[in-house]
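Below, each chain spelled out in residue letters.
2 protein chains.
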Amino acid sequence: MSRFKHIAVVGAGLIGGSIVLGVARRQLAPTLTCWSRSDASRKFLRNLGVAKVFETAADAVRGADLIVIATPVDCMAEICREISPALSPGSIVTDVGSVKVSILQDATVLPAHVTFIGSHPMAGSEKAGASHAQENLFQDRLCFLTPTGKEPSASLEKLQGFWKDLGSRLFTCSAKQHDAMVAAVSHIPHAAASALILTVASLPEFNSNSAGSGLKDTTRIAAGEENLWTGILLANAQPIATGLAEFEKQCRRLRLAIEQGNAEEVSSFLKAAKKIRQSLDEAK
Amino acid sequence: MSRFKHIAVVGAGLIGGSIVLGVARRQLAPTLTCWSRSDASRKFLRNLGVAKVFETAADAVRGADLIVIATPVDCMAEICREISPALSPGSIVTDVGSVKVSILQDATVLPAHVTFIGSHPMAGSEKAGASHAQENLFQDRLCFLTPTGKEPSASLEKLQGFWKDLGSRLFTCSAKQHDAMVAAVSHIPHAAASALILTVASLPEFNSNSAGSGLKDTTRIAAGEENLWTGILLANAQPIATGLAEFEKQCRRLRLAIEQGNAEEVSSFLKAAKKIRQSLDEAK
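These protein sequences, in sequence, are chains U and G.
Per my numbering, residue -17 is the first one in the first sequence, and the count goes up by one each step.
Per my numbering, residue -17 is the first one in the second sequence, and the count goes up by one each step.
Honestly, the hints are just simulated from the structure, not real lab data.
Incorrect hints may have been included.
[Unchecked claim] Within a straight-line C-alpha distance of at most 27 Å, the following computed BS3-like cross-link-like pairs (lysine-lysine) qualify:
| # | chain 1 | residue 1 | chain 2 | residue 2 |
| --- | --- | --- | --- | --- |
| 1 | U | 109 | G | 256 |
| 2 | G | 257 | G | 231 |
| 3 | G | 25 | U | 231 |
It should be emphasised that the depicted structure is a prediction, and the values quoted were computed from it without experimental measurement.
Work out the full structure, taking the sequences as your base and the hints as a guide.
The following block contains the structure:
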């Protein structure tokens, strides 16, 4: 028997679309509905024929016992207000945003008769839109869950089961801890990659034909959609700004050692970086 | 008929080993010799059985008409001195280093009866050593050639033919132009990736188990061998330091916009970065 009778996905881009496909493929609920802001995505989803596609978010969530909000993080408050009147008592609402403290705040407008628990599946891509959705996008990927501790434990367990059904590995922590962790492994790297490609392209002898896999890999994530990422960077501003300030210091430290021809300092810097980077490939 | 009668590879790690394999596989010369500083690499190369392996660099180059020096860039001057007495008149000497101005200087100790032309195949990897060598490492990869203009044109043409035989696409420019170009697309990204992984790992909530493909790709090149890269960063210090200073400015600009909650500024920064990064995938 399914954990949920009716799953609704609000905002069906890359992540939301992949949830629709994953739920449909695994038959995780007898009823599956969705909504997307974009006409093109709604049309695309209708053509897939795996979920009932609605013209409004409120219509899409009516009667659902699990609602997954997968819009950009800066739309969260607006979506919560919009769907609130249509939510059924006892339903579980979650999201997929890359920040969790600000979203917990946004979710306070939801009615008291529903349970909100934040989720964050780490399965993005620089490719946006439902047309890039994949039914196995969450397979073996980390998914954060950030309960406050006030939720009914049965609701948390059902939501954990949902993500496990999609193949995710779960990590449960506070919203604040999540935001600091993800600033380190995702948001600061995104900011750095964007600053790096702007920098190298501004140098007088830059020639894109000479870019090898080093530059391409280092800056791949900078191809991400700017509005999505503006929302993320601003919603998690404090840990990101702190990390970027530290990053500027480290860059300066390496630059000064290079300017001074200090081989020992450059080598120990690069060696420390190498050891940490190599350990990432060993981590699970 | 082969362009060369005897090709010698001095320093057979990842790049040199791949040249040995590529030359052997394509039968680019009737005689193929090599030397590596490391006992393990010499043993590995002997076991491959495709080239005669010598105990000294001088012995390896004796009688060769093409000598490829593939040692770390900070060994170049020493190697040039060491092999000079054994070089045959009329032979062509090249290297594979990631910097070219300083290497051109190092090569001035070579005897006047040989022709030195700098090469730089852009085909590195964070994996060092002959055991990672691949016979097709240079296939479809860019290779810089940096003649001074004083070389016999026949020598330049023979060297161009050699790299083309290994599958490379050629780009010919001055050593100075090369160094500025490669600072932008390779050396500055390497420095940034090293500073980034050191930074994020120093943040209090960093957890390597939560690192996704974003952080891994962004910092992959930081796993490179530190002594090799120390030599490169110091040998090309000026363009790298200039670029890193600009990078620090761009990071600061983005950080201030985030701290100020300036969505317009953050979005225009990320959008400009996205456009440039997307253009890299379109470049050839």
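For each hint given before, does the structure comply? Return the numbers of the non-compliant ones in rising order. Structure breaks hint 3 only.
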